[in-house]
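So the protein lines, in turn, are chains A and B. First residue of the first sequence: 1, per the UniProt record's numbering; consecutive thereafter. First residue of the second sequence: 1, per the UniProt record's numbering; consecutive thereafter.
Don't read these hints as lab results, they were simulated from the structure. Owing to the predicted nature of the structure, the values given are computational and were not obtained by experimental measurement. Hints may be right or wrong, so weigh each one.
The list treats identical chains as one, so a pair stands whether inside a single copy or across any two.
What the hints assert, rightly or not - Mimicking EDC-like on lysine to aspartate or glutamate, the simulated pairs with C-alpha atoms at most 16 angstroms apart in a straight line are:
id, residue 1, residue 2
1, 125, 165
2, 286, 88
3, 382, 310
4, 30, 77
5, 125, 15
6, 125, 169
7, 382, 36
8, 382, 303
9, 314, 384
10, 314, 385
11, 382, 351
2 protein chains.
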Amino acid sequence: MNPRDLSLPEWALSERARKLTSSAIREILKITERPDVISFAGGLPSPATFPNERIAQAAQRLLTADPNGALQYSATEGYMPLREWVAERYSTGGVEIRPSQVLITTGSQQALDLLGKTLIDAGSKVLVETPTYLGALQSFSLYAPTYVQVPTDHAGLIPEGLTPELTRDARLLYAQPNFQNPTGRRLPLERREQLAALAREGAFPVIEDDPYGALDYRGTPLPTLLSFAPEHIVHLGTFSKVLAPGLRLGYLIAPENLHFKLVQAKQATDLHTPSFTQRIAYDVIKDGFLDEHIPSIRTLYREQCDAMHDALAKHMPEGVTWNRPEGGMFLWVDLPERVDSMELLEASIAEGVAFVPGAPFYANEARMNTLRLSFVTVPPAKIDEGIARLAALIRARI
Amino acid sequence: MNPRDLSLPEWALSERARKLTSSAIREILKITERPDVISFAGGLPSPATFPNERIAQAAQRLLTADPNGALQYSATEGYMPLREWVAERYSTGGVEIRPSQVLITTGSQQALDLLGKTLIDAGSKVLVETPTYLGALQSFSLYAPTYVQVPTDHAGLIPEGLTPELTRDARLLYAQPNFQNPTGRRLPLERREQLAALAREGAFPVIEDDPYGALDYRGTPLPTLLSFAPEHIVHLGTFSKVLAPGLRLGYLIAPENLHFKLVQAKQATDLHTPSFTQRIAYDVIKDGFLDEHIPSIRTLYREQCDAMHDALAKHMPEGVTWNRPEGGMFLWVDLPERVDSMELLEASIAEGVAFVPGAPFYANEARMNTLRLSFVTVPPAKIDEGIARLAALIRARI
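Bound-form chain A, shown alone:
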């Protein structure tokens, strides 16, 4: 802020606004938008995967055939053919998802805000993974919950750790079972079954956030939690990773008795997601495009994931460990205890390499010697160069 702001009135901010702190990391990472920085920080999908021409054709077609439909106000619930498409896509293996369970959202981030609005009071207990998705913490925190970190290991949350004492009166458990942001880990089949059983028994409501499920590099998808308990799970999906994030299109699937509250909350929040972008997405995907398109995204990202794994193996000193994700966009690095990844970030940016420190992904006690690397934005040759520079900085700190 410039000096003149000193003369401005003080706004009487809400308690939640006073608690919103400017993220130091976000400020640092703004620097990384410089083209000379090798950034493993952002979760930006590779623009090479955006179907530009198809989107342009769809826009043209819609504005010729039915401009009023594309440009007028529309239903809060979303564009019905798109809702039907979502319901059909999730209705597999004997599971039936109804279009009335689907709500189109302005990105998955909005689904998190709507769930915060409808499920969280000040002090409500919210169960999260250790670590968990930073964007979910940001959304939920506006509604002032009390977070409880669920015990986890290399494969994600441990259902046996969800004891009645830990989970009593929890308003929700939030999890990303597939290639979690930030760790890249995937919840095994048996744990999915156990977790879904707990949801079915009414132990606590489960939010299954699944932005990365389609980005499965080994071709061995696991069933969603939703498929085990379609009336007891809220499932979040997005078109950001398989079509284009700038369209800001996500969706949620919820039991009808929660869905209608989410619709009311959405009406008060932004009336509806843009008619135009919803219809473009439907026009692009309605004839099976994603099934042709997603394999090419997988191939690209798998190569970049392998390149990062190879670079880490080649350059990192002993005492540094990481996982090899089977999908998604991120991997997670554990540094020796004495290395603080916040301090490392400052040094690293001076060397033209960026990443996200691990601490902000923890709801409560953070591990400072962790960091998240994205492998989807930077091409393989640059990945090796960036990891080499980062490894040198880490070596100097051990």
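Use these hints to put chain B onto chain A, whose structure you have.
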């Protein structure tokens, strides 16, 4: 809900979600989407005013020239050239608005949600007009304020009524000075000066919501509150009424020390408004298109406003009064005391005519013998027919 839902789990809803009630009016008005109903209910801009071809050309151009810009994640604050355009448009008559004060929102509705998030705690005093915009009540109510209705007359809120007792510790005053929804009334110049002076003196923060300012049918615009107190007013604008609502594009102008909190809240709410729609809007308007386009919208709506006024004068029985708005989309009807507009609506829909009863526009004590008519969606011939039917029903109730 169908019978099977009885077996569904009860969700532990937040207090705010439990208070969200399904609007009886909204359910009734769903019927009015039937093409055989003459609907004066919706605030739907006339599709005849949508610049379909320009939007299609812009979409084509953007996806050819810079697909990555249109389809990638982008800044929470909004597309900088669009923010600069807004700042420049409001920098007139010696007032300087900086792009750093502008935040692009997913429709004006989102600006209301973000203001609720940043300014309202449970029980906070919020001052509103009598009646006021229903959508603002819906947004703010999620944050559980205590509403105080400000004294008003045919010209809008009365600054003398804003006594220190009434306004003490108010978190905000919310007003639509131009052609208010629902009444169509416009705040006179002198009252604007008085209200802006109160804001400058720090009596309370003022939110100036201005969706209809451009729809001025007599060509006699009045200065915004913002222009009198650019560092003390939050101004909301929208492209929904002058371009197309299905793009869901609005903006707010706020002092920087509040703006940065609004940006943080928006990041947690939907990350950013779609890159694609923001760039389309900018491409369409950057060379002065709105200044050519808006006069044609004004001409169309003025004719429809006149047609409604004439139809009311021709058909309504004695004891029914209404205003003749100088702009906007709505006019407001006062019925004899004994007529309840909720009951009238049910009868009216059976006759194929819809409107919105006045009661939901009151924050506290409602006047049941009022209703809102929109004149922008229905062409003049149908306006006369619909008003004739409505008048017959009212006559039968006097």
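Numbers of unmet hints, in rising order: Result: no hint breaks.
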